[in-house]
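Chemist: For the record, the sequence lines run as chains A and B.
With the first letter of the first sequence counted as 1, position 46 gets the number 78 in the numbering used here; the numbers rise by one all the way through.
With the first letter of the second sequence counted as 1, position 183 gets the number 173 in the numbering used here; the numbers rise by one all the way through.
Since the hints were derived computationally from the structure, they do not count as laboratory data.
Think of the CB as a built atom: it goes at the ideal place given N, C-alpha and C, for glycine as much as any other residue.
Hints are all accurate, no fakes.
Pulled from the structure, derived: some chain A residues nowhere near chain B, Cβ distances all over 10 Å: (1) Val71; (2) Ser75; (3) Lys78; (4) Gln81; (5) Pro87; (6) Val88; (7) Lys97; (8) Ile121; (9) Ala123; (10) Lys126; (11) Gly181; (12) Gly206; (13) Pro264.
Heads up, simulated DSS-like pairs for lysine-lysine below, C-alpha to C-alpha not over 25 Å straight-line: (14) B/Lys46 to B/Lys84; (15) B/Lys255 to A/Lys310; (16) B/Lys41 to A/Lys278; (17) A/Lys237 to A/Lys179; (18) B/Lys217 to A/Lys278; (19) B/Lys4 to B/Lys79; (20) B/Lys72 to A/Lys278; (21) A/Lys237 to A/Lys176; (22) A/Lys167 to A/Lys237; (23) A/Lys237 to A/Lys262; (24) A/Lys278 to B/Lys(-8); (25) B/Lys279 to B/Lys334; (26) B/Lys279 to A/Lys278; (27) A/Lys278 to B/Lys255; (28) A/Lys176 to B/Lys302; (29) B/Lys353 to A/Lys310; (30) A/Lys126 to A/Lys43; (31) B/Lys284 to A/Lys278; (32) A/Lys278 to B/Lys190; (33) A/Lys278 to B/Lys270; (34) B/Lys41 to B/Lys190; (35) B/Lys302 to B/Lys270; (36) B/Lys72 to B/Lys190; (37) B/Lys312 to B/Lys217; (38) B/Lys41 to B/Lys84.
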Amino acid sequence: MIRMAVIVDAKTRVVVQGITGYQGQFHSQAMMEFGTQVVAGTSPGKGGQEVNGIPVFETVIEAVKEGRANTSCIFVPAPFCKDAALEAIDAGMKTIVIITERLPVNDAIHVVSVARAKGITVIGPNCPGIASPGKAKVGILPSKIFKQGDVGVVSKSGTLTYEIVNAITESGHGQSTCVGIGGDRVSGTDFIDILELFERDKQTKKIVLVGEIGGTAEEEAAAYIESKVKKPVVAYIAGRTAPPGKRMGHAGAIIARGRGTAESKIMALEGAGVQVAKLPTDVPRLLGEL
Amino acid sequence: MKLFEYRAKAVLMKHGIPVPEGFVVTSSDQIRRIAGPSMVKAQVLIGGRGKAGGIKPADNVEEAKKAAAAIIGMNIRGFIAKEALIERKLEVAKELYLGITIDRSRRCFLLMASPDGGIDIESVPEDRILMLPIDPLIGFQPFMSRRVATFMGLPKEQQAELVRICERLVQLAIHEDAELAEINPLVVTKDGRLVAGDAKITIDSDALFRHPEFEKFEEDMTPLEAKARQLDIAFVQLDGNIGVIANGAGLTMATLDSINMFGGKAGVFLDLGGTDDPEKVKQAMLLMKEANPKVILLNIFGGITKCDTVAKGVLEAMDTEKSTTPIVARIKGVNAEIAREMLKNAGMLPASGLSEAAELASKESMR
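Model the full structure from these sequences, guided by the hints.
Modeler: Structure (structure tokens):
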């Protein structure tokens, strides 16, 4: 369940959970430079410190009281991530972006089910986060590659998203919002959640969907596009040459028992009228032809 | 991480699910006695071992020794059986299927049950399989077990036992972090007991930090893949001759696909992931060289992984081990200029875009 139009905006007030680690320090600064209000950080045992001028608390509830945080960005290591996410839910966060990778699927199921039942948006785990150029960014997407524009990008990938966003920017287009939903088997937000938002969002005129082998999320997205999305969609699917039965880096990127192949996804998307790029670098050209 | 049948059965037993009496040997002379008519089963992490001759009956010790001698060392579809499980033979009245897996779309565990066990569940018609998603907020409840028991069409006395096994299987999946736990067949014996005839369990490898007891188990990996696992590098061996190193799973896959578009074929998928440690990059390069590709394609889109970090690691690896393998390097993103400067004299073939790099590597691989 997602309420806000593009999830993050000028009202977004971020608490960074795990702010004292290397990633937390680096990206809290990068988020602020992008224009995001980072109001607090947490790190158990380090309350009272400051990172990049941001106050560090022991718990999320203090970040709410002191900094009116409404969004969390989680960097804490996998063994402690479930606790951190449930803490964020309990403290009333509206949006939670989980950057942490290698979260046990059991923990993801737990966190996501509670969040969805409460109407809280969870993006991730194992994702780069979300960026709306000119508004805000919550996550680790590199700021330099973005330009404000009308293309909405939704992707299971991290660096491949950067590659494609960068190509879009270099070709003269820009992005309304870019969401990396993550490549794990269980994610808080799926393609359909974001497609629904892009379809409603006035700034978004064109949509780019970046999928990969494994699961059936792309096929489900294709069915949704066919019936509900009027804006034009360009897609790229990674893993056409991946062998069955091997986990290709992401926990979810595996062709299991003949299901989750790139062919099946490409066929479903093309059947729904989506232009599917053969090379990631073809995406801007297809956008231009729309 | 997949568990061998005998390990999987030990886990079932721990959770109170009945399995046949049995023991494991690594050599036939370890067999001293058997408990009556038995089956000798090759321990391999691949299906279809029965058809391949990996399961043999034995009525006495001599036959069991003979069967184990034939099975240990047997190559079953590329996997060598190092162990044999000697198990008391079950008097089968009926074979059922019971399994639990992850339902990605519904974001929960999924219990699957079928009265048609003993064959690959993929070949069972859909209307003969009960799929029961377990909403984590509801949890596994007695009404769900009753649905399974009714669907299976068992007599009353066995229904109660089936309900118990369902509950225990769900508990097992949650407590052991199993992403797959399959009992196929779940045998109904002639004397009316329910016993796990075979078992497949896969433990979520991301959850191994809280299951140290599984760490030492072997997996279906090549020696280099196992080494990569130790280094925490995503590494998959393929049948082409271009070694691809990139950062991020999606980008690495897209690089493989792009090579294919230009007629080349990847031999290694190596995802550096997000790292800022030159030592890890160095180890990854050395691992790649061990895989002996004809060409290496390095495709970095710097972010968390900074380009100069990669360059440093690559240079260190080249210093450690001289090699004539051509390297096509495409480097972009954070600190790319620094990295290009560092690698300028390293004799690499530079490429500016992903497609250009893929084309160049493909051409080199066909020389």
